[in-house]
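Enquirer: Work from the hints to combine the two standalone chains into their complex.
Protein chains in written order, with full-length UniProt numbering: chain V, 1 to 369; chain P, 1 to 248.
What the hints contain is simulated information worked out from the structure, not anything from laboratory work.
Predicted model, so just to flag it, every value in this text is computed and none were measured.
Hints are supplied without guarantee of correctness; some may be wrong.
Pairs of lysine-lysine, DSS-like flavour, derived with a Cα cap of 25 angstroms [to be verified]: (1) P/K101 x V/K367; (2) P/K5 x P/K211; (3) V/K288 x P/K95; (4) V/K60 x V/K98; (5) P/K56 x V/K288; (6) P/K69 x P/K58; (7) P/K19 x P/K73; (8) P/K56 x V/K315; (9) P/K5 x P/K95; (10) P/K188 x P/K67; (11) V/K97 x V/K55; (12) V/K346 x P/K101; (13) V/K113 x V/K81; (14) P/K56 x P/K19; (15) P/K81 x P/K101; (16) P/K95 x V/K346; (17) V/K117 x V/K13; (18) V/K97 x V/K60; (19) V/K239 x V/K10; (20) V/K98 x V/K348; (21) P/K58 x V/K315; (22) V/K113 x V/K146; (23) V/K216 x V/K97; (24) P/K176 x V/K348; (25) P/K81 x P/K5; (26) V/K315 x P/K110; (27) P/K100 x V/K346; (28) P/K100 x V/K348; (29) P/K69 x V/K348; (30) V/K146 x V/K239; (31) P/K5 x P/K186; (32) P/K211 x P/K239; (33) V/K367 x P/K100; (34) P/K101 x V/K315; (35) V/K367 x P/K110; (36) V/K367 x P/K95; (37) P/K81 x V/K367; (38) P/K112 x P/K176; (39) V/K55 x V/K117.
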Amino acid sequence: MSEERVNLSKEDKEKMLNVGIKTKNKKNTGSYILVDDDIVEVDLNLEGVELMPIKMAIEKYDWVEEYMWKLVDPEKDKYTKMAYEDDEPKGYFIRVKKGHKVTFPLQACFYIKATRKEQVVHNILIAEEDSELHIINGCASGNYVKEGYHIGITETFLKKGSFLSYTMIHDWAPGVIVRPRSAIEVGENAHYMSNYVSLKEVKSTETSPVVYINGKDGKARLNSILFAPEKTDLFVGGKIQLNAEGARGDIISRTVTNGGDITAPVELEATVEEVSGFMECNGLILEKEGRIYSSPSLNSNKQNVELAHEASVGKIGDEEIEYLMSRGISEEQARSLIVHGFLDLKIKGLPEFLQNQIDTAVNQSIKGM
Amino acid sequence: MKKNKLQVKNLHVEIENEKILEGVNLTIPRGETHILFGPNGCGKSTLLLTIMGYPKYKVTKGKIIFKGKNIVKMPLNERAKLGIGVMYQHPPAVKGVALKKMLNIISDNKLKKKDIDDLSLANYLDRDLNFGFSGGEMKKSEIIQLIHQNPELVLLDEPESGVDIENLKIIGNKAKHLMEKSLNYKIKNRTKMGLIITHTGYILDYIEADKAYVMVDGRISCHGNPHEIFDEIQTNGFKGCIECQKSE
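So here's chain P without its partners, still in its complex pose (with noise of 0.2 angstroms):
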């Protein structure tokens, strides 16, 4: 068990020759979750895509290491199947692909109802996934994958970023719930690791994270608290941290 945890080491990677990220480190040992963020642009959805093993991202240097195995190499449906799931901020629509063929595939035939009903999702199932969905419908769409695909290593990039305040409610205490942070999971029970992109921090209400994290340039500039750090981003924006890793 202790080898559950996803451990990024040195991490360098590179889109089309161009540098993206410069060294990242970070750990989430199991039963964990942690918030990343950062300006625009400076390489958070990168560093989600690239554990996940988007082919895109050419991996440089360093090492992903997920449940004690160097993953760096691995095709991303071997990845999916180890553990590893994203939530998508903007997924593609895929024509002909109903939404509850996709839930089946990857649940094997097993039908979350009641997470379905509670997403009000049911008339969506026969619909083309991602297809003409609004931003909050393709939130929801995303997480009842995840819940149907139920990863270990649970990866949200930006979950609030076009949902209303009411859908937000649902999808973060269905986030909180599939990443083991609701009541019904003891702490010391906790295995599922997750790591969130937040811009917003509203996140922040319905999932108690343990670490945060701030990206700057391709690089962590410095971690803590997941409150402390939004409070000090909210006040003084990015600048102190741009500051904070220039000094390193």
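Excised from the complex, chain V in its bound form (with noise of 0.2 angstroms):
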């Protein structure tokens, strides 16, 4: 499990620097950074946390099988039935132990190299009572990859008290095909927060997390910042099932297409009474080839709930532009500070390293509009 074993280039590194991933810094306190199907880095330095391959966690605890598939049908489709055929799973196991809080971000790292590579991974990440911890999972490939598939399974689970952050900045190449299928199972007053980012060229994403509230008074929250270039297929949905009395659930998406096109069906459903959530579906079109289909939808068999959703999508506003130029900006100055205002969503409660990659990441995509 060296570098030697697989070669990066410096354009590799770069790319993976893009999603917020660094090897062999010896400043992060975990790393799991796989290429194609070899895991080049396993590094952790902190007490209270494991990680490593999940073949590896399979073979230590015979638990860690339960937890597998639990979240996510193996039926569900054709690639959640890849990634349960295959004999070698590779992905990550990560695990924070009960109580231990950790503040700076856990760095893992999907890269494809090989050009027609089939990457499979499944993920387990457990959260135990009263625990904190921060993922950064940052996905790439080098860009003279031509056509490649990205499978992943993630299943996490947060027990009670915990709070786990997951982000993901994504920065594929324009021949990836990309399926993630992920979910997560919030415990007792536990807090689940993702932050989706997507910013690059891509042939195809299309993801669709559920996140289960079983547990009183848990909260999630799903943050999406997308930007669709020309060529560029997102579908990012995403479901919050509140399952539990004082459930809260959160999703919060900006849309950006320059010509791609990107499609967010999100859902908030209440089961029982009780129970709030609030969805803000906010698009802007710059281009007349771009499309967004926005559809937040709310579900509810209950009286006692309070859902609520907001949602726009439209075109920068010429009298927008035309204020700022009457301040000396040019027209193409003033359209990236609209945008750039639009994607910088600040979010709360992510420690400042994580806002910064996001930030950094907007603002490298926007210097490329």
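Expert: Written as structure tokens, this is what we have:
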């Protein structure tokens, strides 16, 4: 498990940096890097946290397999089937033990180097009682990769009183197809936060994580920041099922298309009384050819629930552009200021380092607009 | 320096094929501030926004000469760079662009802390431009942007509307200073030009104006001493001005 086995070029390392991943970074408390099918880095220097390849975890603990396929149905589609039938599961196992709170993020990276590669991973994350953990998951590929598949199953379990944030930054190559299948179980008074950031050209991404809030007063928040250049097809949905009293779900999405296609079906479902949730989906269309299909839906058969949503899709107003121009700013700069401001989502409760990673990714993509 | 004046010559402007201005003539020499009175809908704001360069206002005839150049075809941002700035009556909210960011961009990162404090805007710096601002806050945001832009030709569109007396005093004094009308500037050294639209005339208590015009139906119907004209309007309304234009 060393870097010598897989030769990472300067370009590969730069692409990893774009998604917030540093190789051989001693400052990091934990690191897992998978290139194609090879694990090139597993580093952990932290009390109370376990990070290892899923295969190793299955050998070490007999209970790990009980968590696999608990939240995601292997029969869901051909990608889940493919992952289910994989005898050599790649991916990682991360566990933060009871009472341990770690604010510096663990980094995980899935990288595709070889063309026509089908990278299939299965990840298990467990936050035990009263623990806290932040994970940055960078997904990228070499720009030279003409074709590739990334299929990722991630099942996450938050026990009572825990807090887990999961930040994903994507930077795939134009020929790559991405199919993550994620599900999360949130326990009593636990708090899950996901930040999904995809700002670069990718052939097709299709993901729709489902969060089950099964514990009283559990909270979940799904944030997504999406920018679709030409030839990019993003399907980024999400669902939070509120299954326990006091549960709270929030879904925030900011989508911008500059010629690409974005579909964002999100849902809040209340199955019990005394739950609440809010969705805010705002989209900007910069080019005529781009398309945003935003469909927030609220689903409840209970009376005493508070669910609401706010959605908008439109272009940048001429009035705003002209106003900025009248202060001496060029039209181009005015547009990028507005788009930047639109995507610049400040996430409450997210460690500064992760917010900075998101901000950097947004800044980079706006520069290249 | 002589060229440093604004001349509007026989200006005709249309919006969506509707004639709004029909032959406006005025000259603002360097160091002078002029006032524009007129009933609602007569074309005052159109004149200001046409000088600024809003593409929606189509100039069909005439010239706008600023610093010796006919700027009729110059884009908005270039006119701003040349030294024209507007304080808007109803500025749009720009979500995602914080006031501080805007001030830094337009002043090349030279924030004027004293002016920000004088206008009690410190707590608004991180807020999105004009987003959820009250009438008074909006005017303060406008004047602070103009202070950072520091234009040579200052155009104020109803600076007093929606502002309480206390805030008007602060805004009025800031505008006065910006237009080099305060005592800090000797008359002979003044170079700034100003054009102010006002309905209430309150702004005249702060800024000593040199000349006033009355605009009726897209034309300047008369000009004269600002206080005299304002007194006339207060006594007789715009009736006298309309008759005056008819008799021409």
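Enquirer: Decide, hint by hint, whether the structure agrees.
Expert: So, going through the hints one by one against the coordinates:
1. Distance restraint check for P/K101 and V/K367: the Cα-Cα separation of roughly 17 angstroms lies within the 25 angstroms cut-off, and the hinted pair is therefore satisfied.
2. Between the alpha carbons of P/K5 and P/K211 the distance comes to roughly 15 angstroms, so the proposed pair stays at or under 25 angstroms and holds.
3. Restraint check: the Cα-Cα separation between V/K288 and P/K95 comes to about 22 angstroms, which is no more than 25 angstroms; the hinted pair holds.
4. For a cut-off of 25 angstroms, the pair hint linking V/K60 to V/K98 stands: about 19 angstroms separates their Cα positions.
5. Only pairs whose Cα atoms come within 25 angstroms are accepted, and P/K56 paired with V/K288 is accepted, the gap being roughly 22 angstroms.
6. With a C-alpha separation of about 18 angstroms, the suggested pairing of P/K69 with P/K58 holds against the 25 angstroms cut-off.
7. Taking the CA atoms of P/K19 and P/K73, the gap is near 19 angstroms; set against the 25 angstroms cutoff, the hint holds.
8. About 18 angstroms separates the Cα atoms of P/K56 and V/K315, which keeps this hinted pair within 25 angstroms; it holds.
9. Under the criterion of a C-alpha separation no larger than 25 angstroms, the hint pairing P/K5 with P/K95 is inconsistent with the structure, at around 36 angstroms.
10. The suggested pairing of P/K188 with P/K67 holds, with an alpha-carbon distance near 18 angstroms, which does not exceed 25 angstroms.
11. Our distance criterion of 25 angstroms between C-alpha atoms is met by V/K97 and V/K55, whose separation comes to about 20 angstroms.
12. Distance check on the hinted pair: V/K346 and P/K101 sit about 16 angstroms apart at the alpha-carbon level, within 25 angstroms; holds.
13. Note on V/K113 and V/K81: the hinted pairing holds, with a Cα-Cα distance of about 24 angstroms set against a maximum of 25 angstroms.
14. For the hint linking P/K56 to P/K19, the alpha-carbon distance of about 12 angstroms falls within 25 angstroms, and the restraint holds.
15. Of the pairs offered as hints, the one joining P/K81 and P/K101 holds, with about 18 angstroms between alpha carbons and a cut-off of 25 angstroms not exceeded.
16. The suggested pairing of P/K95 with V/K346 holds, with an alpha-carbon distance near 13 angstroms, which does not exceed 25 angstroms.
17. Only pairs whose Cα atoms come within 25 angstroms are accepted, and V/K117 paired with V/K13 is accepted, the gap being roughly 19 angstroms.
18. As the CA atoms of V/K97 and V/K60 are separated by approximately 16 angstroms, the hinted pair is consistent with the 25 angstroms bound.
19. Distance hint between V/K239 and V/K10 is unfulfilled; the C-alpha atoms sit about 38 angstroms from each other, more than 25 angstroms.
20. For the proposed pair V/K98 and V/K348, the alpha carbon gap of about 24 angstroms is at most 25 angstroms, so the pair holds.
21. The suggested pairing of P/K58 with V/K315 holds, with an alpha-carbon distance near 24 angstroms, which does not exceed 25 angstroms.
22. Between V/K113 and V/K146, the direct Cα distance comes to roughly 10 angstroms. Compliance with the 25 angstroms bound is thereby established for this hinted pair.
23. Distance hint between V/K216 and V/K97 is fulfilled; the C-alpha atoms sit about 21 angstroms from each other, no more than 25 angstroms.
24. With a C-alpha separation of about 42 angstroms, the suggested pair P/K176 and V/K348 falls outside the 25 angstroms cut-off, and the hint is violated.
25. For the proposed pair P/K81 and P/K5, the alpha carbon gap of about 16 angstroms is at most 25 angstroms, so the pair holds.
26. Proximity of V/K315 to P/K110 is assessed by CA-CA distance (about 32 angstroms); at most 25 angstroms being required, the pair is judged violated.
27. Annotation: proposed proximity of P/K100 to V/K346 holds, straight-line Cα distance about 16 angstroms (limit 25 angstroms).
28. A C-alpha spacing of about 21 angstroms is found between P/K100 and V/K348, which places the hinted pair at or below 25 angstroms, so the restraint holds.
29. At roughly 51 angstroms between alpha-carbon atoms, P/K69 and V/K348 are farther apart than 25 angstroms, so this suggested pair is violated.
30. This hinted pair does not check out: V/K146 and V/K239 have alpha carbons roughly 32 angstroms apart, beyond 25 angstroms.
31. A hinted pair counts as satisfied when its Cα atoms are at most 25 angstroms apart, and P/K5 with P/K186 qualifies at roughly 18 angstroms.
32. A threshold of 25 angstroms between alpha carbons decides the hint, and for P/K211 with P/K239 the separation of about 20 angstroms falls inside it, so the pair holds.
33. Taking the CA atoms of V/K367 and P/K100, the gap is about 21 angstroms. The hint holds against a cut of 25 angstroms.
34. For the hint pairing P/K101 with V/K315, the CA-to-CA distance comes to about 22 angstroms; that is within 25 angstroms, so the pair holds.
35. The suggested pairing of V/K367 with P/K110 holds, with an alpha-carbon distance near 24 angstroms, which does not exceed 25 angstroms.
36. Restraint check for V/K367 and P/K95: satisfied, since their Cα atoms lie roughly 19 angstroms apart, inside the 25 angstroms limit.
37. Annotation: proposed proximity of P/K81 to V/K367 holds, straight-line Cα distance about 23 angstroms (limit 25 angstroms).
38. A distance of roughly 17 angstroms separates the Cα atoms of P/K112 and P/K176; the hinted pair therefore holds under the 25 angstroms criterion.
39. Under the criterion of a C-alpha separation no larger than 25 angstroms, the hint pairing V/K55 with V/K117 is consistent with the structure, at around 20 angstroms.
Violated hints, in rising order: 9, 19, 24, 26, 29, 30; the structure is consistent with all others.
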